[in-house]
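Q: Build out the structure end to end from the sequences listed, making use of the hints.
Numbering (the working numbering), first residue to last: 7 to 226.
Keep in mind that the hints were calculated from the coordinates and are not lab data.
Ideal Cβ placement from N, Cα and C applies to all residues, glycine included.
Mixed in with the good hints there might be a few duds.
Claimed, not checked - Across the chosen pairs, the derived CB separations fall in these ranges: (1) G94 <-> E216: 32 to 38 Å; (2) S198 <-> E141: 42 to 48 Å; (3) T183 <-> G213: 17 to 23 Å; (4) D217 <-> D61: 31 to 37 Å.
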Amino acid sequence: RIHMSRDIVKSDSRELDALLGGGVERGSSVLILGPAGTGKSLLGLSFVSAAIQRDEKAAMFIFDEEIGLLFSRALGLGIDMRAMVDSGNLIVEQVDAAELSPGEFSERVRQCVEHHGVRTIIIDSLNGYQASMPEENALILHMHELLQYLNRQGVTTFLTVAQHGLVGDMKSPVDVTYLADTVVLLRYFEASGRVRRAISIIKKRTGMHEDTIREFRIGR
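A: This is the structure in structure tokens:
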């Protein structure tokens with residue numbers, strides 16, 4: 007067990023940190039929920055970017071997207087993931103759920119923590135991970151075990167879940183909201199003839215958070 011302080015981990019956005027009541031607690035888990043295209047990966051990346059600026063190491067496990075595409079999308083938003091990887095501070099692994107057992111995936115995560123000193127982990131997304139574990143209960147038990155391990159190591163974990171549907175009633179393929187310490191909800195709304203994005207914090211176990219719904223804009 008690693009002895010660590012439960013300090014507050016910040017993103018690279020002042021406004022996002024304010025919404026989260028200052029940031030998220032180190033060693034906690036954050037679930038980012040929302041339909042396709044709302045900016046779940048980007049939100050996770052803002053914490054990765056901030057971690058690397060603090061000279062910490064981070065790892066991303068990508069289930070749903072080709073890595074080259076993710077790198078080019080991030081670069082378009084001013085985040086140079088290639089430079090982060092080249093510096094040795096970021097590990098990015100493309101995961102094929104069909105070829106990897108849950109035990110093997112956990113082992114990869116442990117290697118990152120124990121051999122590379124990773125302090126921030128993103129699993130993007132649980133939808134892709136679920137493909138390797140059709141039994142929902144098995145996935146939940148497995149995630150619970152993995153999150154407990156990461157919490158004890160002082161690793162802050164970000165999980166994304168894509169909801170089905172775009173506007174209105176949203177359905178999540180797997181309900182893991184009760185496993186996470188913090189739950190961030192992204193969604194679309196219509197205003198002034200345009201489709202916009204909204205962000206809200208619907209749960210935070212440790213400390214206060216804003217209960218406002220704010221507009222979330224993704225710039226160039």
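Q: Each hint: holds or not?
A: The hints, checked one at a time:
Roughly 36 Å separates the CB atoms of G94 and E216, a value that falls within the hinted 32 to 38 Å. Remark: the range hint 42 to 48 Å for S198 to E141 is upheld by a beta-carbon distance near 45 Å. The hint said 17 to 23 Å for the Cβ distance between T183 and G213, and at roughly 18 Å that hint holds. Range check, D217 to D61: Cβ separation about 34 Å, and the 31 to 37 Å hint holds.
Checked against the numbered hints above, the structure breaks none of them.
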